[in-house]
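Peer 1: Input sequences plus hints: build the corresponding full structure.
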Amino acid sequence: MSKLKTKESIIDSDIKRKYKLQAEGVKVFYDDFMAIKGIDMSIKANKVTAFIGPSGCGKSTFLRLFNRMNDYVDGFRMEGKITIDGGNIYKKKINVEQLRKQVGMVFQKPNPFPKSIFENVAYGLKIQGIKDKRFLQEKVEESLKQVALWDEVKDGLNKSALALSGGQQQRLCIARTLAVEPSVILMDEPTSALDPLSTAKIEELIYELKKEYTIVIVTHNMQQASRVSDYTAFFYMGELIEYDQTKKIFTNPEKQQTENYITGRFG
Amino acid sequence: MRRIKEMVIEKALLSSALITIAVTVGIILVLSIEAIAFFSEVSIIDFFTDTQWTPLFADKHFGILPLLSGTLLTSFIAIAFAVPVGLSISIYISEYAPKSFRRTVKPALELLAAVPTVVYGFFALTVVTPFLQSFIPGLSGFNALSAGLVMGIMIIPFISSLSEDALHAVPHSLREAAYGMGSTKLQNAFKVMVPAASSGIIVSIILAISRAIGETMIVAIAAGQQPRLTLDPTVPVETITAYIVQVSLGDVQHGSLEYRTIFAAGITLFVFTFLLNTISYRIRKRFQEKYE
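Protein chains in written order, with the UniProt record's numbering: chain A, 1 to 267; chain B, 1 to 292.
A hint or two may mislead.
Not the full set, but computed from the structure, chain B residues with beta-carbon under 10 Å of chain A [stated by the list, open to error]:
no., residue
1, 48
2, 171
3, 178
Because the hints were derived from the structure by calculation, they are not lab data. Cβ atoms here follow ideal geometry from the backbone N, Cα and C, with glycine treated the same way.
Peer 2: And the structure:
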């Protein structure tokens, strides 16, 4: 009996090491409209996976399934199963707040809270009830260092986050996410509102972060996908058309549709 | 021909703007002239320090404090009741309720502001006061409490509607950020949305205060007509506005000192509401800059 248990847990941890996120037969409806038409996908841990595809192809909707951010959309309904480390995140008793601490998210437009830089990074810890000032300070410093923002803001941690430049704001939002120590970071076109220089900084950051985090990034920028990701998934009309190593997708895609898209023939 | 038409329209629009300005200037002028005439007979120091207001009696006193205390007391009760209720409603509508609820309940709430204030006054006098008397022994038939509470009901929509607008105007991306960080609904509402909308919420409260201070019918009907310097909400008081009504309706001689008291009282009221409106205008301007 006990032997069987160990065997099971070995298999479990094996899956964990290999696949962090899994989707099985996932369909998404907004009222009667089917936005995701049945997708199976497994996403590896400590890798960067890029979602590409034309606007309205469902890649953002699919990304937002992993931290249940679609729950607030009117008429949203999902079928199928999504697991993180083997655990179903759509089962009834799941604590959604807890899930979102484990699965951080960075949005398209930098969206810092209208609070100080310090308060922004400390927010996630404070809402968990952490009050220890020393710990908060250490954690804020550590997170800001991780995103290479510390040197730029260390003398003005009490200044409003809204006074920062767009690129700095986005790095602040990433720091805010890192502060609660998630294991997965979802990025929804994180650089689409930024200039090329700030974009380069964020991309560098993504490269650094994948050592510790599993990163899924939605992007409209093909070069970005090829630069930062290890795996690329091409979505079209709510379906997953092709999913493979980034190198393979960009040099020798299996499907004609993928090739058309990445060579800029449509979308 | 077309140019003439354009010109006529432009001048017509300009003149309507000028009319409103002229009316405002006129009101201020009349108030000031009569008030200056009043203060040439009554010392302004007495006006602000005397604790009695008895211009219609033989023994005349012209201390505005009793009227001011009546106004502030009823307004305070109204605000103390309306702010928590109004804010709760606005937070519920913007952060908790389904969208269809917002569409139906918000206009319904705004109807509260459309009820004629004279109706509120009699509601206070004939329903709320007897109700309160059943468990507050010694509550006078006219009192600040009942008038204040009903005035609070009247200004709830000012607070709930304007605050809800402010909350609604907070960019959706902030709500996503809050939920994305693992906030509960309560944390999202009180740690992110309310602080982000704070200037709009403050403006709504200031406008409500301004409305309460200027409110006339409810207090004239339900709070009584006895100017007295007190903070006791259970006894009759008289507000500045109620006094103005009382004198305007009475048979006081035009141009007499008694007649001019209403302008002195009026200008005091005007200064108050003017200050409050200016403050709210300033805050609103700062608020607009923040999200543009």
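Peer 1: Now, for every hint given, state plainly whether the structure supports it.
Peer 2: Quick rundown of the hints versus the structure:
1. Contact between residue 48/B and chain A, as hinted, is not supported at the beta carbon level, the nearest pair being about 41 Å apart and thus beyond 10 Å.
2. Here the hint on residue 171/B is kept, as its CB sits about 7 Å from the closest CB of chain A, short of 10 Å.
3. At a threshold of 10 Å, the smallest CB-CB gap from residue 178/B to chain A is about 8 Å, leaving the interface hint in force.
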